[in-house]
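Could you put together the complete structure from these sequences and hints?
For the protein sequence lines, the chains are L and E, in the order given. Heads up, the first sequence is in the working numbering, so the first residue is 984 and it goes up one at a time. Heads up, the second sequence is in the working numbering, so the first residue is 984 and it goes up one at a time.
Each hint can be trusted.
The list treats identical chains as interchangeable, and a pair is accepted whether it falls inside one copy or across any two copies.
Mimicking DSS-like on lysine-lysine, the simulated pairs with C-alpha atoms at most 27 Å apart in a straight line are:
| # | residue 1 | residue 2 |
| --- | --- | --- |
| 1 | Lys1344 | Lys1252 |
| 2 | Lys1255 | Lys1214 |
| 3 | Lys1249 | Lys986 |
| 4 | Lys1367 | Lys1252 |
| 5 | Lys1157 | Lys1286 |
| 6 | Lys986 | Lys1026 |
| 7 | Lys1249 | Lys1026 |
| 8 | Lys1367 | Lys1026 |
| 9 | Lys1252 | Lys986 |
| 10 | Lys1255 | Lys1026 |
| 11 | Lys1252 | Lys1026 |
| 12 | Lys1286 | Lys1139 |
| 13 | Lys1161 | Lys1015 |
In short, the hints are calculated from the structure, not lab data.
There are 2 protein chains.
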Amino acid sequence: MRKVAIIGAGMTHFGEQWEQGFRDLVVEAGVKAIEDAGLSGDKIDAGFVGTMASGRLVGQEHIGGLLADYMGLNPIPVTRVEGACASGSLALRQGVMAVASGMHDVVVVGGVEKMTDLDVNTVSDILGGAGDQEWELFLGATFPAIYALMAKVHMKDFGTTAEMLAAVAVKNHKNGAKNKYAQFQKEISIETVLKSKMISDPLKVFDCSPITDGAAAVILAPLDMAHSFTKKPVEILSSTQASDAIALHSRASLTGLRATQVASEKAYKMAKMTPKDMNFAEVHDCFTIAEIMAIEDLGFFKKGQGGPATLEGRTALNGELPINTSGGLKACGHPVGATGVKQAVECVWQLRGEAEGRQVKDAHIGMSQNVGGSGATAVVHIYKNE
Amino acid sequence: MRKVAIIGAGMTHFGEQWEQGFRDLVVEAGVKAIEDAGLSGDKIDAGFVGTMASGRLVGQEHIGGLLADYMGLNPIPVTRVEGACASGSLALRQGVMAVASGMHDVVVVGGVEKMTDLDVNTVSDILGGAGDQEWELFLGATFPAIYALMAKVHMKDFGTTAEMLAAVAVKNHKNGAKNKYAQFQKEISIETVLKSKMISDPLKVFDCSPITDGAAAVILAPLDMAHSFTKKPVEILSSTQASDAIALHSRASLTGLRATQVASEKAYKMAKMTPKDMNFAEVHDCFTIAEIMAIEDLGFFKKGQGGPATLEGRTALNGELPINTSGGLKACGHPVGATGVKQAVECVWQLRGEAEGRQVKDAHIGMSQNVGGSGATAVVHIYKNE
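This is the structure:
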């Protein structure tokens, strides 16, 4: 396999983008990434794009063909990949395989979702299609309820508290306040979270990531060609993916995601590294409990210690292992198909030393972990600066 | 790149499958392919599945996670790929890259669509999402209308007649009558087609492929491992894809699909072959005009000669170049996400000499051509028996 590097990165503002359509968003991100790589578009020979639910959200399928067209890239092949909220990372993984195989050299990877044009109940129903439609959504289990069940068990088994959950949101808002692309750039307090409206016990509205419009893109190239494009290539050391039962009732445990555990074990092996080698990580905090489970499942903290570690500030920007420096899904926003690619963009910026007020000191190795639905898919990437 | 072979193939019956759900269909096809390869499921280390519109058709996204679960494959990675009616071929192409790159060894590739649970107008609207939603579908241009426009121009420019279009349907029904998996296993006459109800002038109901439930699957492995699984591996010599403008109004020509032309040029180059080397082909006959354009765009006949060639029987089972021996989308059926994989299954059966009453004599090299929407995506594969 050829080694693969990211040579360009870009993203739109995440938030309510009523003045921009689905197509505008992904073109903006793609063009930014292409410009960042210092390329002309005709150097690109394939594309992959992650989007979860464009069919239901904007009535448009065939996103690969659409984007090849609107980015002025046709006749090169562009393919849409879908894995619910992990669609972006899956697109990145297909891009990695395309370059690693030698099938393509310079590949654009995008992620996009346009979510705020519909009412919240409709969007919630559409997002429910990421879980088990027949056995969960049809019976009323939307995503806040599904993650609330996991939170309840985590609290019961490990003594995780509402304050610990809130601490995730507080930290991520603090990071988001330093990110000009973030949907929420305002700090909040633990009290804000605890006093906010209950959505699905124990998850309150500030435990939940928002509904967001946005897009992100990166450009991939073989590592041995990367230096001809950029002084600061970021190598992708690992690109792994794993699956688990789609419905919670078929899982062996509700206090962690087996798919994350398996994907990260494979990722560490592929990179010949351990959790201790990571300088920072972007993880999938669709709900606050998800970040706590993630930092445990990824091996950063022992099972049950994610909550206390967060409350103690160990995952803060100045802590031992900064988590979600972008603001995460919680504060940066969660346009589902774009999230995995945005994580990669943040990792690139950190590893290049371009993360401005939220820069992690001496960042050399970073990780992203992206989850589809309630954990039937998890995707892990490890990145290294050159 | 490692060479890639198909070591197993299987499909469900195509048709109205009211007694089987989305999950049942793809599991049936997957299990048949795994059994055909003589594998146990634990040998499989990744999966790809093509489905166009499961979100709108059955309320379920995150098909990769779902299938890993229902096929008993988790925790291996399974990824959904979407490119409208070319979704199945795109899944095959991702599988080829996964094996070619060395990322995975034994890969299952599936395609599935469950379409008959909704009324035809709703399905037509959903399928319209394969074209340009904003500039075609929103203004009323469903797919029969879009292909009717192409047919009109083809008739005007080249003298293609309604009889020539009808000859495509007659031939494909004749082939479908020899395929026990086909939705329509009954021969029809040119008169049947010409007297059938007008859908969008000049396309009548018998010029259109049907709405279908079904699934198909193949198993891939590195060619150098293939003989340890099967006596009859089928090598994939080429796997190529190209794009074009998504809306007709942005195309340079309406009498052919540029994406097919570009993808097939690349495919011939990759295989070091010419159109004359093909012994048979499965092409994308979503409408009769589409097959005529395909056999021209693929270089089998000169532009404008596809209609006469079909009428003269040159593409019949006993003609010089049998086209759509399976019955094609027209008679075998068109469960959109499954179609590309079904084309591969038919090519495997032909190349193994297992195509029963529709076997092409001395079949050594075969091709499949699969189109997304009205041609914004085209995917071409060339296969060879060992």
